[in-house]
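A.B. asks: Now for the letters of each chain:
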Amino acid sequence: MTDTLSPTTTIADDRTPEDRAIVNRGLAQMLKGGVIMDVVTPEQAKIAEEAGAVAVMALERVPADIRAQGGVARMSDPDLIEAIIETVSIPVMAKARIGHFVEAQVLQALKVDYIDESEVLSPADYVNHIDKTRFEVPFVCGATNLGEALRRITEGASMIRSKGEAGTGDVSEAMKHIRTITGEIRGLAAKSDDELYVAAKELQAPYELVRQIAREGKLPVVMFVAGGIATPADAAMMMQLGADGVFVGSGIFKSGDPVKRAAAIVRATTHFNDPEVIADASRGLGEAMVGINVADVPAPHRLAERGW
Amino acid sequence: MTTIGVVALQGAVSEHVAMLTGLGATVRQIRTPDGLDGLDGLVLPGGESTAMARAAAKVGLFEQVRERRESGLPIFGTCAGLILLAERVEDGEALAGFATVGGLDITARRNAFGGQLASFRAGLDVQGVEGPAFPAVFIRAPQVVAVEASVQVLARTSADGPIVAVRQGGLLATSFHPELTADDRLHRLFLSICRG
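Residue numbers (full-length UniProt numbering), protein chains in the order written: chain L, 1 to 308; chain V, 1 to 196.
In case anyone wonders, no lab produced these hints; they're calculated from the structure. Please read all numbers here as calculations on a predicted model, not as lab measurements. Note that beta-carbon positions come from the ideal geometry of N, C-alpha and C, so glycine has one too. It is possible that part of the hints are untrue.
[To be verified] Looking from chain V toward chain L, a few residues come up when the C-beta cut is under 8 Å (computed): (1) Gln10; (2) Ala12; (3) Arg28; (4) Arg31; (5) Gly35; (6) Glu48; (7) Thr50; (8) Ala51; (9) Arg54; (10) Lys58; (11) Ala94; (12) Gln116; (13) Phe120; (14) Ile139; (15) His177; (16) Leu180.
[Claimed, not checked] Straight-line Cα separation of at most 30 Å, DSS-like style, residue types lysine-lysine; simulated pairs: (17) Lys218/L x Lys260/L; (18) Lys218/L x Lys191/L; (19) Lys191/L x Lys176/L; (20) Lys201/L x Lys58/V; (21) Lys260/L x Lys191/L; (22) Lys58/V x Lys191/L.
Bound-form chain L, shown alone:
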């Protein structure tokens, strides 16, 4: 498959920072309305593509297993990532630890299409995130509120992912985070210009970016929702709340019938405003992932609290 992502891919010559921002934010725009699925093998990647995923996230363990097994979670083996890149024609994303700029350099060298600087892995730096402006490859970063999203965008993120609580199958944190972010954007849009200086201070984000969001009423990058999506109805609800798309991690390959569930979640995401289609997509899917209530996860084990 030489025409897809292969290790022979070269970086386009002479890209200016503006070119890079447009093509990197642009790739996320091409994923809108779609589902990005966590996969741990090339076989799962193929199932995801066949189900209609717009991209896959290549990793060694899904968040539910990281949570169950504990220990330090790191970037995946390059062999695994390359095998997945060679298997599918859709974009391949991979995760680096928060602040681990060398893992990010490695992932760029492997020619992944997107890097997720992810709280699902163990943080490498409890103060700084990666300076993403130094990279050619685009980054997606997690956020639980608007200020966090804006700090990540300032550092060079081309896409935002509301965090939810990964590996739980409990959608309540995803709900909390998207409602927080969209609510804070509406709040900014209602402020007068002279109130935006203090708003920027409170959000701990640059004034120019805050003013831009107040004027446009939306983030300057695409925002997907992640963390706890396990059913077609979960995905459709996030879309109705204003998500541009959804990430599904453990929810698919930790369920009873991944092939069927993957396609059903895609279908509900496409037709998110049509309850009859969502009902139909929800039938006969077998067991959902068992899941954990977020309330039962002790605070030190909550992944969403990683990142600053």
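Since chain L is already given, all that's left is putting chain V on it; use the hints.
C.D. replies: Same frame as chain L, but now just chain V:
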């Protein structure tokens, strides 16, 4: 009044909608065959062609679009849309078994420039588009690797570079994404095709 449908299964839908609305068209988002009646033109947006083909198959959308195309509906495809309009796709295993729209007598090659690190912007001279170079945005873009005589080549990346924009009657297709720019000249060209 010109009514344009934008296939809204996935991808850069809102960008096309905004551009067409700005040019005075009435725009309808199309997710099922129900919305296809009474259209003057249809846009197949950028996105993932594999995901769109699968979503369309669930509702039989592209079979219906194909019928309208055969009876003369103008269609504008960008990036994934170009792939869906191509009669032949090289290395198209991931699309095998799924209906596409077809109609353009070209052979397209998916992700022909490479992965995301090979995505780029370039100023292009596009036939039929007056004025300065068109600011073309290429994202994991396809190329047109062969055309039949019935197809008009509108643009290449350079004099001897790959073909990246074509027209055949009412079908217009680009490897790049005019919907990601502020330049509406290709959308104007498409609307003039729709208005006959």
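A.B. asks: A separate judgement is required for each hint: does it hold in the structure or not?
C.D. replies: These are the hints, each one checked on the structure:
1. Interface hint status for Gln10/V: upheld, as the beta-carbon distance to the closest one in chain L is roughly 4 Å, under 8 Å.
2. Restraint check, Ala12/V versus chain L: the minimum CB separation of about 5 Å is within 8 Å; hint holds.
3. Taking 8 Å as the C-beta contact cut-off toward chain L, the hint placing Arg28/V at the interface is violated, the least distance being around 15 Å.
4. Here the hint on Arg31/V is kept, as its CB sits about 6 Å from the closest CB of chain L, short of 8 Å.
5. Given hint, Gly35/V at the interface with chain L, is violated; its Cβ is 13 Å from that chain's nearest Cβ, farther than 8 Å.
6. Using the Cβ-Cβ criterion of 8 Å, the hint placing Glu48/V at the interface with chain L is satisfied: the shortest such distance is roughly 5 Å.
7. Taking 8 Å as the C-beta cut-off, the interface hint given for Thr50/V holds, the closest approach to chain L being about 6 Å.
8. The beta carbon of Ala51/V is positioned within 8 Å of a beta carbon in chain L (closest approach about 5 Å), and the interface hint is therefore held.
9. Against a cut-off of 8 Å between C-beta atoms, the interface hint on Arg54/V holds, since the closest Cβ of chain L lies about 4 Å away.
10. Because the beta carbon of Lys58/V sits about 6 Å from the nearest beta carbon in chain L, less than 8 Å, this interface hint is met.
11. Against a cut-off of 8 Å between C-beta atoms, the interface hint on Ala94/V holds, since the closest Cβ of chain L lies about 5 Å away.
12. Look at Gln116/V: its Cβ gets to within about 4 Å of chain L, closer than 8 Å, so that hint holds up.
13. For Phe120/V, the suggested interface contact is upheld, since its CB lies about 4 Å from the closest CB of chain L, less than 8 Å.
14. About 5 Å separates the beta-carbon of Ile139/V from the nearest beta-carbon of chain L, less than 8 Å, and the hint is met.
15. Residue-level restraint check for His177/V holds (minimum Cβ-Cβ distance to chain L is 6 Å; threshold 8 Å).
16. Interface restraint check for Leu180/V: the shortest CB-CB distance to chain L comes to about 5 Å, inside 8 Å, so the restraint holds.
17. In summary, the hint linking Lys218/L to Lys260/L is not supported, as the alpha carbons are separated by about 34 Å, beyond the 30 Å threshold.
18. A threshold of 30 Å between alpha carbons decides the hint, and for Lys218/L with Lys191/L the separation of about 14 Å falls inside it, so the pair holds.
19. A C-alpha spacing of about 23 Å is found between Lys191/L and Lys176/L, which places the hinted pair at or below 30 Å, so the restraint holds.
20. A distance of roughly 49 Å separates the Cα atoms of Lys201/L and Lys58/V; the hinted pair therefore is violated under the 30 Å criterion.
21. Annotation: proposed proximity of Lys260/L to Lys191/L is violated, straight-line Cα distance about 46 Å (limit 30 Å).
22. Among the hinted pairs, Lys58/V with Lys191/L is inconsistent with the structure: their alpha-carbon atoms are about 44 Å apart, more than 30 Å.
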